[in-house]
Amino acid sequence: MGIIEDAKAFRNDFMVGHSNGSGHGKGRGKDTLVRQNPGAARILTFQDCKDLYASNSLVRNIIDIIPEDMTRAGWTLNCQDKKLKQGIESKFRQLKLQKRFEKLYKDDRLFGDGYLSIGAIMSEKEVGENLSKEINPDKLMKIPYINAFPPNQVSRFFENQDMFSESYGEVELYEINRRSKIANEILSSSNMATVTNEKVHRSRIIHQQSIKFEDESEGRSSLESLYDIITVMDTSLWSVGQILYDYAFKVYKSPHVDEMTKADKAELGLTMDYMFRTEALAIIGGEDSITKESTSTTGMKELLDYGWDYLSGAVRMPKSVLKGQEAGTLTGAQYDVMNYYARVTSIQENELRPQLEHLTRLLMMCDDEKWDKTDPDSIEWSIEFNPLWSVDSKTDAEIRKLQAETDEKYIVNGVLDPEAVYENRFGRFGANESKSLNSDGIDRDTLDKMAEIVARNYDMERVGK
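The opening position of the sequence shown corresponds to residue 1144 in my numbering, with each subsequent residue numbered one higher.
These are calculated hints, taken from the structure and not from any lab test.
Careful: at least some of the hints might be erroneous.
Per label pair, the in silico range of CB-to-CB distance [unchecked claim]: (1) Asp1416 x Arg1322: 54 to 62 Å; (2) Glu1551 x Asn1482: 49 to 57 Å; (3) Val1555 x Asn1279: 50 to 58 Å.
EDC-like mimics (lysine to aspartate or glutamate), calculated; alpha carbons at most 20 Å apart, straight line [what the hints assert, rightly or not]: (4) Lys1282 x Glu1494; (5) Lys1228 x Glu1562; (6) Lys1355 x Glu1367.
Glycine included, every Cβ here is placed at the ideal spot set by N, Cα and C.
Could you build all of it, start to finish, from the sequences and the hints given here?
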């Protein structure tokens, strides 16, 4: 009886464990779940990131797709001055801004930092050539080039650490490892370019950082947090390859195998392996048998789908986009793809727009360009991003019909007048090419004329003509 009482006294609920931390209870010292920890932070060097990008096609998709989607449709400058609009948009193309900003954001995602250098020619040559001096818009003559360069060319940041300063925490100067020789000079003198460390003012640099900690100057590569799942996906590719290689194999059974020497078995194995792989007919003894076996793949799809789902959630991109769906097209109810494009649009608004506006303001102030020098604060203007995706012609027509019916109800019930509807539909700067829904067979000029005719006829009916 005493043994039973002792057992009851020491009996412990498996979900609780002993108060001293022993036992296998939940949350106690021997709980295997408590002893598990998330993976430690992995710091990737510039070369690590470069090697991953060069060797892994999935990594290239992760790095490239969002910057490509951000920039492929381009952007337009909206303003009343047509000469200014056409001149600056032509300058955008001359500077290859779409390609340059795509590279900027690829470097940011891959290495943690992306850089663009702004070439500035000013009326005061000494100031213009002194890279440590701020660009003075009043003395700006021309911007002949914009160049993207990798973060390994930046050796040091000089940040403003005055907490009572307006630019507290911002980089004021960059120390750049500048190669100052061009190709002809290198060929004519030596094989080595002269490398100097120059301090460059922040107004001459467009710097992009998406992941940065307050106590660190350099950004973090997006691959650092994805390293584990990239390893899993790479391992799954290798594993599937091995399974496919040995998916089906033959088993040869013979009562004479036990009587053979190792050399005989090796020779038989080589001969039969060659014959069974190259011949459909197998010649064997009466007591021998050959069977064909295959590798079981039960549950493999679920495992691979789990990897894709985890990766998709980690990079915040739909699997269809990660796998290379045609950019800018939507079929069916692809709400996940629509949400993805909404995210890309938010990156455009929060990150890309301020950089484009900074560059556009500088271009407006240039004295030696095809347009008249313009104070950007004296006119109304905006940068508008062209649509990232389009729908088919049927869906486009249905959308336009619904919009027209809604606008008609607003006008008839006095909610809006025709001028306000026109302004809402075609923008404050007039008809805008970027707002086309890409209807098949109807160009933008035709749509504009149709809208003008509808508005004019409605006005005539309303005044009784």
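Now the hints, each set against the structure:
no. : hint                          : in the structure
1   : Asp1416 x Arg1322: 54 to 62 Å : holds (58 Å)
2   : Glu1551 x Asn1482: 49 to 57 Å : violated (31 Å)
3   : Val1555 x Asn1279: 50 to 58 Å : holds (56 Å)
4   : Lys1282 x Glu1494             : violated (28 Å)
5   : Lys1228 x Glu1562             : violated (24 Å)
6   : Lys1355 x Glu1367             : holds (12 Å)
Checked against the numbered hints above, the structure breaks hints 2, 4 and 5 and satisfies the rest.
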